[in-house]
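Engineer: Numbering-wise, the sequence shown is residues 1 to 244 according to the UniProt record's numbering.
In silico EDC-like pairs for lysine to aspartate or glutamate, Cα to Cα no more than 20 Å straight-line:
#, residue 1, residue 2
1, 139, 97
2, 56, 68
3, 47, 198
4, 56, 192
5, 47, 207
6, 117, 207
7, 117, 166
8, 56, 183
9, 47, 202
10, 111, 192
11, 171, 192
12, 108, 207
13, 86, 227
14, 86, 150
15, 171, 57
16, 108, 202
17, 111, 207
18, 117, 198
19, 171, 183
Derived CB-CB ranges, DEER-like:
#, residue 1, residue 2, range
20, 15, 178, 25 to 33 Å
21, 57, 33, 36 to 44 Å
22, 144, 222, 15 to 23 Å
23, 62, 204, 26 to 34 Å
24, 65, 116, 23 to 31 Å
25, 61, 235, 20 to 28 Å
26, 114, 36, 37 to 45 Å
27, 108, 183, 27 to 35 Å
28, 36, 177, 22 to 30 Å
29, 192, 225, 35 to 43 Å
30, 163, 225, 39 to 47 Å
31, 22, 109, 21 to 29 Å
Calculated directly from the structure, the hints in this document are not laboratory data. Cβ coordinates follow ideal geometry from the N, Cα and C atoms, glycine included.
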Amino acid sequence: MIGRFRSGDNVFYGEIEDGRVYSNEGVSAGTFELSELRVLPPSFPSKIVCVGLNYKDHADELSMEVPDTPVLFLKPPSAVIGHGDKIIYPPSSSRVDYEAELAVVIGKRCKNISAEKAEDVIAGYTCFNDVTARDLQQKDGQWTRAKSFDTFAAFGPYIVSTDEIDVSDLKISCRVNGETRQESRTSNLIFDIPFLIEFITEIMTLEVGDVIATGTPPGVGELQRGDTVEVEIQGIGTLRNEVV
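Can you build the whole structure from these sequences, using the hints too?
Structural biologist: Right, here's the structure in full:
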């Protein structure tokens with residue numbers, strides 16, 4: 001499990017084990033107590049590629065047909081925040097929602113990757129909250145404004161590598177103020193990760209650190225100022241943010 005951290009003016013990657021962080025990066029080489037460090041987003045993507053309506057049980061919840069091909073949209077890197085950072089409720093919206101998602105972090109610059117070779121370009125997996133101004137999404141009829149506010153792409157806390165975990169059937173959940181609001185399993189994905197990587201890289205080049213957010217399960221709902229929202233994925237961890 002790898003994380004990105006700040007200690008004073010130094011930003012570095014380190015391996016997490018038993019509450020400690022081990023780094024071999026230059027001036028930051030050494031061992032740190034996790035509590036001493038600020039946890040940063042585990043990558044800084046050039047783009048975040050998101051998938052809409054990608055859980056069978058979410059499609060059932062909405063009485064919508066399963067799509068024939070993935071529905072894609074983008075979030076800008078300016079929306080990125082990490083574990084423990086604040087989600088800012090924009091004054092232009094009156095309905096902000098959580099969306100718990102499994103995220104893929106890209107480890108190699110890639111284009112036209114087949115599903116069979118997809119694992120070769122994955123750095124690992126993390127938790128993602130696709131925060132959405134739902135009222136603006138419905139008003140605009142397209143999703144750019146609703147999905148792109150600063151702080152609307154929370155992900156982390158750490159990256160779990162492909163050799164540490166099999167993501168084909170993991171429990172995924174979202175809690176607001178300790179109450180479970182979403183709960184499903186990644187086995188309910190309509191389009192799995194290898195398929196998504198093949199589909200996306202036919203369209204665009206993915207850079208190191210780019211993120212694919214794979215879609216949200218049923219139970220999407222509203223956030224209020226003062227809420228604490230947690231995205232938890234079995235074997236990966238818990239992403240926690242407060243809404244202000």
